[in-house]
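Note that the protein sequences, when read in sequence, are chains X and W.
Going by UniProt numbering, the first sequence opens with residue 1, and the numbers climb by one from there.
Going by UniProt numbering, the second sequence opens with residue 1, and the numbers climb by one from there.
To be clear, the hints were calculated from the coordinates, so they are not data collected in a lab.
From the three backbone atoms N, C-alpha and C, an ideal C-beta is built for every residue, glycine too.
Incorrect hints may have been included.
[Stated by the list, open to error] Simulated DEER-style distance windows between Cβ atoms:
(1) Asp536/X / Pro160/W: 32 to 42 angstroms
(2) Tyr112/W / Lys512/X: 31 to 41 angstroms
(3) Ser236/X / Thr2/W: 14 to 24 angstroms
(4) Pro177/W / Lys539/X: 24 to 34 angstroms
(5) Val180/X / Pro177/W: 28 to 38 angstroms
(6) Tyr112/W / Glu277/X: 54 to 64 angstroms
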Amino acid sequence: MGAALPETAPSRLFLSGNEAVALAVRDAGCRVAAAYPGTPATEILEELSRFPDLYTEWSVNEKVSLEVALGASMVGARAFCAMKHVGLNVAADALMTMTVTGTEGGLVIAVADDVGMSSSQNEQDSRFWARFAHLPLFEPADAQESYDMAREAFAVSERFRCPAIVRLTTRICHVKGRVVAGEREAHEPAGFVKDPQRWVMVPGHAKPRVALMYEREEALRAASAQSPFNLLVEGSDRRIGFVTSGPAYMHVRETFPDAPVFKLGQSYPLPLERLREFAAGVDQLLVVEETEPLVESELRAGGIACTGKDVLPRVGELSPDRLRPAVARLRGEEIPVTAQPRLVPQQVFPRPPTMCVACPHLGIYYTLAQLRNLTISGDIGCYTLGAGHPWNALDTCISMGASMGVALGMDKGRGQADAKKAVIAVIGDSTFMHMGMQGLLDITWNRGNVTVLLLDNRAVGMTGGQDNPGTGRDIHGESAQRVDFAKLCEALGVKKERIHTLDPYELPTLFKTLREEIKIPEPSVIITDRPCVLIDHYKPTQPYKVIADKCTGCANCIDVGCPAIHVTRRETQVKPSGKEVELAFVRIETSACTGCGLCVQPCAPEAIVHALPEHPVKFLHAKV
Amino acid sequence: MTITNIAVCGIGGQGVMTATEILAEAALSLGFDVKKTEVAGMSQRGGVVTSHLRFGPQVLSPQIMPGEADLLVGFEAAEALRWAHMLKPGGIALVNQGRFVPPVVTIGLYDYPEDPIGEMRKLGLAVFDFDASALALQLGNIRLGNTVMLGAMSDRLPFPADVLRNAVLARFGARKPELLELNRQAFELGRAAVAQRAPAPATA
Numbered sequence: 001m002g003a004a005l006p007e008t009a010p011s012r013l014f015l016s017g018n019e020a021v022a023l024a025v026r027d028a029g030c031r032v033a034a035a036y037p038g039t040p041a042t043e044i045l046e047e048l049s050r051f052p053d054l055y056t057e058w059s060v061n062e063k064v065s066l067e068v069a070l071g072a073s074m075v076g077a078r079a080f081c082a083m084k085h086v087g088l089n090v091a092a093d094a095l096m097t098m099t100v101t102g103t104e105g106g107l108v109i110a111v112a113d114d115v116g117m118s119s120s121q122n123e124q125d126s127r128f129w130a131r132f133a134h135l136p137l138f139e140p141a142d143a144q145e146s147y148d149m150a151r152e153a154f155a156v157s158e159r160f161r162c163p164a165i166v167r168l169t170t171r172i173c174h175v176k177g178r179v180v181a182g183e184r185e186a187h188e189p190a191g192f193v194k195d196p197q198r199w200v201m202v203p204g205h206a207k208p209r210v211a212l213m214y215e216r217e218e219a220l221r222a223a224s225a226q227s228p229f230n231l232l233v234e235g236s237d238r239r240i241g242f243v244t245s246g247p248a249y250m251h252v253r254e255t256f257p258d259a260p261v262f263k264l265g266q267s268y269p270l271p272l273e274r275l276r277e278f279a280a281g282v283d284q285l286l287v288v289e290e291t292e293p294l295v296e297s298e299l300r301a302g303g304i305a306c307t308g309k310d311v312l313p314r315v316g317e318l319s320p321d322r323l324r325p326a327v328a329r330l331r332g333e334e335i336p337v338t339a340q341p342r343l344v345p346q347q348v349f350p351r352p353p354t355m356c357v358a359c360p361h362l363g364i365y366y367t368l369a370q371l372r373n374l375t376i377s378g379d380i381g382c383y384t385l386g387a388g389h390p391w392n393a394l395d396t397c398i399s400m401g402a403s404m405g406v407a408l409g410m411d412k413g414r415g416q417a418d419a420k421k422a423v424i425a426v427i428g429d430s431t432f433m434h435m436g437m438q439g440l441l442d443i444t445w446n447r448g449n450v451t452v453l454l455l456d457n458r459a460v461g462m463t464g465g466q467d468n469p470g471t472g473r474d475i476h477g478e479s480a481q482r483v484d485f486a487k488l489c490e491a492l493g494v495k496k497e498r499i500h501t502l503d504p505y506e507l508p509t510l511f512k513t514l515r516e517e518i519k520i521p522e523p524s525v526i527i528t529d530r531p532c533v534l535i536d537h538y539k540p541t542q543p544y545k546v547i548a549d550k551c552t553g554c555a556n557c558i559d560v561g562c563p564a565i566h567v568t569r570r571e572t573q574v575k576p577s578g579k580e581v582e583l584a585f586v587r588i589e590t591s592a593c594t595g596c597g598l599c600v601q602p603c604a605p606e607a608i609v610h611a612l613p614e615h616p617v618k619f620l621h622a623k624v
Numbered sequence: 001m002t003i004t005n006i007a008v009c010g011i012g013g014q015g016v017m018t019a020t021e022i023l024a025e026a027a028l029s030l031g032f033d034v035k036k037t038e039v040a041g042m043s044q045r046g047g048v049v050t051s052h053l054r055f056g057p058q059v060l061s062p063q064i065m066p067g068e069a070d071l072l073v074g075f076e077a078a079e080a081l082r083w084a085h086m087l088k089p090g091g092i093a094l095v096n097q098g099r100f101v102p103p104v105v106t107i108g109l110y111d112y113p114e115d116p117i118g119e120m121r122k123l124g125l126a127v128f129d130f131d132a133s134a135l136a137l138q139l140g141n142i143r144l145g146n147t148v149m150l151g152a153m154s155d156r157l158p159f160p161a162d163v164l165r166n167a168v169l170a171r172f173g174a175r176k177p178e179l180l181e182l183n184r185q186a187f188e189l190g191r192a193a194v195a196q197r198a199p200a201p202a203t204a
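Use the sequences and the hints to build the structure in full.
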């Protein structure tokens, strides 16, 4: 170690890509910003909500957030919305027509691809949307560019009167770097101008506008060729010229500092002629792009020979380690070995994400795991973790709100093989309002036989406990209208006597209600009403401990799945019948326990009792 | 172009990201270019958290590649072993002896390694281990464990320990002035814990 100190120490901000985008949106004079939380983009709106200068909201889903932004743009305001990659699938219906109407006040969409799938159900390349919708696309490579490009995106949006997309990835959103911010702008909305030919998209109005959209795309192509974000970095080693964008640019520069690089910052429309020129000056062209071979395909279609996904991985993030062997192969060199031998990764148990100590979902999955002959259609949220150990009590997870429709399809499609199984749908409060409640309406209307578990923990839990219409608080934590889930379900057609609101920590009631409802061949909803343990409104109570002498090793409490319960020793006992029983004696980590009492209920010998806290209560999985 | 690479690992809720952030602030205060990255999408749910910090005159890629970390800071013993290969051969690891046993071990599906720190030494690494939680509890607050870890790092950086201490005090002192003195003491306890303890020589 021992880095040389640089001569100057400029004062700069140190921001993540998400924070940089938020600051740029504020500095651009944006008036309305909306989003639905989703990793890795969540923090953009969280940051924006701290600025007093603009209106921010958590919307119920991404489509609504984009429509809110469009409405603001129509009245001439600068508008913004942010989402994760799958969010744009939801918002796509609005997107594909707003590209036809165009926008008035600058409208920027930040979409974050979870390349590497750290917290997502799939891996998608949102750069497709720019092509599909014929819109300009920016791809920052670090936090500074996230700021600069988000600012430029507003200008481009207004110049071409269309939405502009800023495509981020997890490795941009969550990487902090130094950022120099620009001057703040003031932006006053010009006012709504009635213009049915433009804003009322009926076929007669849409036809001429589709032609305008293609004209706009050609103008964008010409502008992209001039964009300062599409830049050539000279290099002396001309054996391979790199075409790259986003975080991959940094890996290329780090690994091959002497190679010429064409860096795509405004990567759609592609500056094809400049790339042709670049290709002519190098021996071989290698396109380094994460996930899909989009630029590569377009270069080939444009008659420019190049290599890309034939040597580089298509799945997951790129990195210097993944680039080196691919480039060596292209150059016909030996696969490089590092200067020093590396250590082999050691085999250690996996540590999958799990539910928190005292999570209100624990009792639900403990109960579901005790019941037989269930098919459990799951959804997206913390409760998806019910598919894991020790519960193994969730059978599907597809997309936001899918539990309802999938459950109905299972009910209607089943044959003899599933005739005796009950179909259950499990969904959280926020996912229910995002996309789930239409599915419930479909169940009631079409006489489905589904028992719905609506787990209301008063938070968007998985993304950090954001508020939603079920919490009674807005994005600033201020009092707001609160949805009454029982009334809502009744309004959606569930009979009043088939709706139960109960405490998920009371296992006998939960068990009894669930068993009764799955026997009744009509839609029913069981609503649980205890808050997420990570939000401020959760109140811990007196923790528990295990009296070691009383513990019989039955391991019933382990089936609850609480991370505060630990095994102290295991034994194999031979019963008089000759049957072998595995015993596990336990202790409770009292400093982590918050006294929910779930483990107390299945403990037959009453070995679990209240403990006086020796240390201040510490959450094992505190909010970070 | 010399870049310093520091990998910090642990599990969600332990303060891995906050500690790396403070380390970043210390490097920034000296005018370095700094990049910090982590993958922690599900870290609130007891998952693995790793944070990479790179600083120097100019930093391009934010990721530390395996075998390139100058320093590995483990907030949890088995996690330190999991990420040991990030270190340069012969690199230095500072490891909290504390163990967080996950439910998959409690259920009996996997075993927690008997001696994760011993296994790291067998790999030829210089390991400084100490009980950060116990040191924090000496001061009466387990939350000071984070500052203990930072103190332990402070003499292994390419800049004086004071720079990191100032960053720690600026961060925690600004929020709760009454905790300033406690954090100062926690920092020194961590620093002393590794100073007194020469790493056992590698046995393999």
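Hints, one by one, checked against the model:
1. Checked against the hint of 32 to 42 angstroms, the pair aspartate 536/X and proline 160/W passes, with Cβ atoms roughly 39 angstroms apart.
2. The supplied range of 31 to 41 angstroms is met by tyrosine 112/W and lysine 512/X, whose beta-carbon atoms lie about 38 angstroms from each other.
3. Distance hint for serine 236/X and threonine 2/W: a CB-CB separation of about 22 angstroms, consistent with the stated range 14 to 24 angstroms.
4. Separation of proline 177/W from lysine 539/X is about 28 angstroms and conforms to the stated range, judged on CB atoms against 24 to 34 angstroms.
5. Range check, valine 180/X to proline 177/W: about 31 angstroms between beta-carbon atoms, so the 28 to 38 angstroms window is met.
6. Take tyrosine 112/W and glutamate 277/X: their Cβ atoms lie about 59 angstroms apart, and the range 54 to 64 angstroms holds.
Checked against the numbered hints above, the structure violates none of them.
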